[in-house]
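Here's the letter readout for the chains.
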Amino acid sequence: MAHINLENDFPGIRGPMAFSPATAKPLNDLAEVLLRSDNSLSRGERELIAAYVSSLNDCAFCQNVHGGLAQHYLECDSAFIDAVKKDYMDTNISDKMKALLWIAEKVQQGGKNVTAEQIDAAKVVGATDKEIHDTVLIAAAFCMFNRYVDGLATWAPEDKNYYIERAKQRAEEGYAGYDASK
Amino acid sequence: MAHIKVEENIPGIRSLVLFRPETGKPLYDLAQVLLRGPSSLSEAERELIAAYVSYRNECIFCMSSHAAAARCLYGPDKNLVDEVLHDMQQSGASDKLKALLHIAGKVQVLGREVTPEDIAAARMLGADDREIHDTVLIAAAFSMFNRYVDGLASFTPTDPAVYEAMGERMAKGYVLPASPEPK
Numbered sequence: 001m002a003h004i005n006l007e008n009d010f011p012g013i014r015g016p017m018a019f020s021p022a023t024a025k026p027l028n029d030l031a032e033v034l035l036r037s038d039n040s041l042s043r044g045e046r047e048l049i050a051a052y053v054s055s056l057n058d059c060a061f062c063q064n065v066h067g068g069l070a071q072h073y074l075e076c077d078s079a080f081i082d083a084v085k086k087d088y089m090d091t092n093i094s095d096k097m098k099a100l101l102w103i104a105e106k107v108q109q110g111g112k113n114v115t116a117e118q119i120d121a122a123k124v125v126g127a128t129d130k131e132i133h134d135t136v137l138i139a140a141a142f143c144m145f146n147r148y149v150d151g152l153a154t155w156a157p158e159d160k161n162y163y164i165e166r167a168k169q170r171a172e173e174g175y176a177g178y179d180a181s182k
Numbered sequence: 001m002a003h004i005k006v007e008e009n010i011p012g013i014r015s016l017v018l019f020r021p022e023t024g025k026p027l028y029d030l031a032q033v034l035l036r037g038p039s040s041l042s043e044a045e046r047e048l049i050a051a052y053v054s055y056r057n058e059c060i061f062c063m064s065s066h067a068a069a070a071r072c073l074y075g076p077d078k079n080l081v082d083e084v085l086h087d088m089q090q091s092g093a094s095d096k097l098k099a100l101l102h103i104a105g106k107v108q109v110l111g112r113e114v115t116p117e118d119i120a121a122a123r124m125l126g127a128d129d130r131e132i133h134d135t136v137l138i139a140a141a142f143s144m145f146n147r148y149v150d151g152l153a154s155f156t157p158t159d160p161a162v163y164e165a166m167g168e169r170m171a172k173g174y175v176l177p178a179s180p181e182p183k
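Residue numbers (the numbering used here), protein chains in the order written: chain A, 1 to 182; chain B, 1 to 183.
Derived by calculation from the structure, the hints in this document are not laboratory data.
The reader is advised that the hints may include incorrect statements.
[As the list claims (entries may be wrong)] So these bits of chain B aren't anywhere near chain A, every CB distance computed over 10 Å:
1. R20
2. T23
3. H86
4. G92
5. T158
6. V175
[What the hints assert, rightly or not] Cβ-Cβ distance ranges computed for the label pairs, FRET-style:
7. A/S78 to B/Q90: 34 to 40 Å
8. A/D179 to B/S94: 33 to 39 Å
9. A/N113 to B/L176: 23 to 29 Å
10. A/D179 to B/N79: 43 to 49 Å
11. B/L176 to A/A79: 51 to 57 Å
12. A/N113 to B/V162: 22 to 28 Å
13. A/G174 to B/N79: 44 to 50 Å
14. A/Q169 to B/A161: 48 to 54 Å
15. B/E113 to A/E165: 29 to 35 Å
16. B/E113 to A/A79: 37 to 43 Å
Heads up, the beta-carbon is just placed ideally off N, CA and C, and yes, glycines get one too.
Given these sequences and hints, build the entire structure.
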């Protein structure tokens, strides 16, 4: 049961977003730009960073939602998402994604943990300033979303199909103008 | 020097949102609604929660700027800000505010750290569901802002006078900057 009376039974972030639409608006606007911008990082790669950081923060709801979306965009199976969470260095993702996930991993621990060497390493394998910026902000944003979801003790569906089914809908509709009740 | 090519000598988050205004807009909107929007927590109390979480995350830029905004908003009671940052439990904050700061401190560690006992204690001292919600989201949001500012190694001024002026501007509200120099 959630720590506060959210006046609804929606799972995960949908509960507090329906409870507090005024704060939900900028949160969804941020997710829209960060996770769906059409530039050099693909939507699948952005969602994968989100899922990875959420797994480091042990946030069941967020890692399943964003793992589901990454799986949808990358057209892979859940075993691949699990492998990335477990040890991304031991997967066949690009060297650039490995370097960016390494940066995201450090951001999750604390902003100061990111080193100049890591940034150089990402640049050497082709990461642009904008990609590094977005990686840091996606990782930072999920340190917020995860804390919002778990700090209020919202509930997360255990059925994996819930996340797979909703991933298709979210991919179609995006995050902007998100109606938490649907 | 920042990890990415932002304008030099522009402090903290300002340099980052000028680099990427598309993400800057919702970040400033979030700060405005969370710290200045309707709430039964005062603007000063909300800035203090922000400063306290930033202090715990050792983010000097966010701590110094939000502490300055809180001092400005507390006016004659501004010493409370430094008391809380020095030793929250021994500070002159009300018991209710201490209970909320305690929850914010747990959120800073990780969401799951918040216990039903922490919530019950805050409720007993008069905190309502909205105040607990806002406290959790402010603490969560600064767990983001702090990582954003430090994760990209943005410029952190060391002169206290810079933060004092910043705090006075911040007290008026958060609007996405369009130029490097504040108006």
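Grab the minimum beta-carbon distance between B/T23 and chain A and tell me whether it stays above 10 Å. B/T23 is in fact no farther than 10 Å from some Cβ atom of chain A, at 5 Å.
Look at the Cβ atoms of B/E113 and A/E165 and judge whether their distance stays inside 29 to 35 Å. holds (31 Å)
C-beta pair A/N113, B/V162: status relative to the range 22 to 28 Å that was hinted: holds (26 Å)
Lying within 43 to 49 Å: is that true of the beta-carbon distance A/D179 to B/N79? With Cβ atoms ~45 Å apart, the hint holds.
Range hint 34 to 40 Å: satisfied by the CB atoms of A/S78 and B/Q90? violated (50 Å)
Would you say the C-beta atoms of A/D179 and B/S94 sit inside 33 to 39 Å of each other? Cβ of A/D179 to Cβ of B/S94: about 38 Å, so the range 33 to 39 Å holds.
Is it the case that B/T158 keeps its Cβ farther than 10 Å from each residue Cβ in chain A? It holds; B/T158 is separated from chain A by about 16 Å at its closest Cβ, greater than 10 Å.
Would you say B/G92 is clear of chain A, with no C-beta pair closer than or equal to 10 Å? holds (26 Å)
Starting from the range 44 to 50 Å, see whether the pair A/G174 and B/N79 falls in it by beta-carbon distance. Taking Cβ atoms as reference, A/G174 and B/N79 lie about 47 Å apart, which means the hint holds.
C-beta pair A/Q169, B/A161: status relative to the range 48 to 54 Å that was hinted: holds (52 Å)
Does the Cβ pair B/L176, A/A79 satisfy 51 to 57 Å? violated (42 Å)
If I claimed the Cβ atoms of B/E113 and A/A79 lie 37 to 43 Å apart, would that claim hold in this structure? Check failed, 31 Å falls outside 37 to 43 Å.
Hint check: violations occur at hints 1, 2, 7, 11, 16; the rest are consistent with the structure.
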